[in-house]
Amino acid sequence: MPDETSLYDLPLVTIRRVSVTDMDNNVYLVTSKDSGAQVLIDAAGGIRKIRRLLEASARDASERTRLSLIITTHSHHDHIRALRELVDETGVRTAAGAADAQAITGQTGVKPDVLLKNRDIVAVEGFDLTVIHLRGHTPGSVALAYVPFGGPVHLFTGDSLFPGGVGNTNHDAERFASLLADVTTRIFDVYGDDTLVLPGHGKPTTLGAERPHLTEWGQRGW
Numbered sequence: 001m002p003d004e005t006s007l008y009d010l011p012l013v014t015i016r017r018v019s020v021t022d023m024d025n026n027v028y029l030v031t032s033k034d035s036g037a038q039v040l041i042d043a044a045g046g047i048r049k050i051r052r053l054l055e056a057s058a059r060d061a062s063e064r065t066r067l068s069l070i071i072t073t074h075s076h077h078d079h080i081r082a083l084r085e086l087v088d089e090t091g092v093r094t095a096a097g098a099a100d101a102q103a104i105t106g107q108t109g110v111k112p113d114v115l116l117k118n119r120d121i122v123a124v125e126g127f128d129l130t131v132i133h134l135r136g137h138t139p140g141s142v143a144l145a146y147v148p149f150g151g152p153v154h155l156f157t158g159d160s161l162f163p164g165g166v167g168n169t170n171h172d173a174e175r176f177a178s179l180l181a182d183v184t185t186r187i188f189d190v191y192g193d194d195t196l197v198l199p200g201h202g203k204p205t206t207l208g209a210e211r212p213h214l215t216e217w218g219q220r221g222w
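Letter by letter, the sequence shown follows residues 1 to 222 of our numbering.
Possibly wrong hints are sitting among the right ones.
[Stated by the list, open to error] Straight-line C-alpha distance at most 16 Å; calculated EDC-like pairs for lysine to aspartate or glutamate:
| hint | residue 1 | residue 2 |
| --- | --- | --- |
| 1 | K117 | D88 |
| 2 | K49 | D24 |
| 3 | K117 | D128 |
| 4 | K33 | D128 |
| 5 | K33 | D120 |
| 6 | K111 | E85 |
| 7 | K49 | E89 |
| 8 | K49 | D22 |
| 9 | K203 | E55 |
| 10 | K203 | D22 |
| 11 | K33 | D60 |
| 12 | K33 | E63 |
| 13 | K49 | E85 |
| 14 | K111 | D88 |
| 15 | K33 | E55 |
[Stated by the list, open to error] Label pairs and their in silico Cβ distance ranges:
| hint | residue 1 | residue 2 | range |
| --- | --- | --- | --- |
| 16 | L12 | A177 | 33 to 39 Å |
| 17 | P148 | D88 | 21 to 27 Å |
| 18 | T105 | I47 | 29 to 35 Å |
| 19 | R93 | G221 | 37 to 43 Å |
| 20 | P148 | E216 | 26 to 32 Å |
Hints listed in this document are in silico derivations from the structure and should not be mistaken for laboratory results. Yeah, the Cβ is synthetic: ideal placement off N, Cα and C, and Gly gets one too.
The task is simple: from the sequences and hints, build the whole structure.
Set out below in structure tokens:
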């Protein structure tokens, strides 16, 4: 089982990542250095690893750290396996794309407190995340952009954008066209080449590394 962790130490926030489960799912934790407020992105499994991630983050802020929100990028089972247990342990509020909320509740019993739409701003004390609705992998898949004051954007893309292509659309031409169009117009047309892409599985990449291949992705159809 993967046990990879990483740390992005930015001026106003710290971003920690831990890889969980045999599917190499990424769980991300964004912590405000000033307030200690935290957002966890995708409670994908490995509850003990998530607990250790939260414990390690205690050193990332000048104030006591506190989990403020769990955001689920999409409704697939491998991204929500620890959601019920983490909510039961912490009582924290949750958020997800509006079109995926029912599926998440059906699988976990957790009804998202916040229904996210394209261009919504998720504000916690000390930082904001911009919601980007990317239709195709699931109906309500969302990415989240952290836009710092200076320095590259950090983009949490769930399973909608990876090194080498967009997310799985099960060979459905309509879903693929929708996802590629949204990724193109809502991500590549908006953010610069230095934008760091933090996907739901595996290694990070940048928009600059992936941009030259957009036409190729469209031609191959996946």
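Hint-by-hint comparison with the structure:
1. The straight-line distance between the Cα atoms of K117 and D88 is roughly 26 Å, outside the 16 Å bound, and the hint therefore fails.
2. With a C-alpha separation of about 13 Å, the suggested pairing of K49 with D24 holds against the 16 Å cut-off.
3. A C-alpha spacing of about 15 Å is found between K117 and D128, which places the hinted pair at or below 16 Å, so the restraint holds.
4. Taking the CA atoms of K33 and D128, the gap is near 13 Å; set against the 16 Å cutoff, the hint holds.
5. At roughly 23 Å between alpha-carbon atoms, K33 and D120 are farther apart than 16 Å, so this suggested pair is violated.
6. With a C-alpha separation of about 13 Å, the suggested pair K111 and E85 falls inside the 16 Å cut-off, and the hint holds.
7. The hinted pair formed by K49 and E89 meets the criterion: a straight-line CA distance of about 14 Å does not exceed 16 Å.
8. Among the hinted pairs, K49 with D22 is consistent with the structure: their alpha-carbon atoms are about 13 Å apart, no more than 16 Å.
9. For the given pair, K203 sits about 23 Å from E55 by alpha-carbon distance, which is inconsistent with the 16 Å threshold.
10. As the CA atoms of K203 and D22 are separated by approximately 15 Å, the hinted pair is consistent with the 16 Å bound.
11. In summary, the hint linking K33 to D60 is supported, as the alpha carbons are separated by about 6 Å, within the 16 Å threshold.
12. At roughly 8 Å between alpha-carbon atoms, K33 and E63 fall within 16 Å of each other, so this suggested pair holds.
13. In summary, the hint linking K49 to E85 is supported, as the alpha carbons are separated by about 13 Å, within the 16 Å threshold.
14. Taken as a hint, the K111 and D88 pair is honoured in the structure, with Cα atoms around 12 Å apart against an allowance of 16 Å.
15. The hinted pair formed by K33 and E55 meets the criterion: a straight-line CA distance of about 15 Å does not exceed 16 Å.
16. Separation of L12 from A177 is about 38 Å and conforms to the stated range, judged on CB atoms against 33 to 39 Å.
17. Our hint of 21 to 27 Å for P148 and D88 is violated, since their Cβ atoms are close to 33 Å apart.
18. For the hinted restraint 29 to 35 Å between T105 and I47, the CB-CB distance of approximately 20 Å leaves it violated.
19. The hinted window of 37 to 43 Å between R93 and G221 holds, with their beta carbons roughly 39 Å apart.
20. A hinted range of 26 to 32 Å holds for the C-beta pair P148 and E216, which are about 31 Å apart.
In this structure, the hints that do not hold are numbers 1, 5, 9, 17, 18, in rising order.
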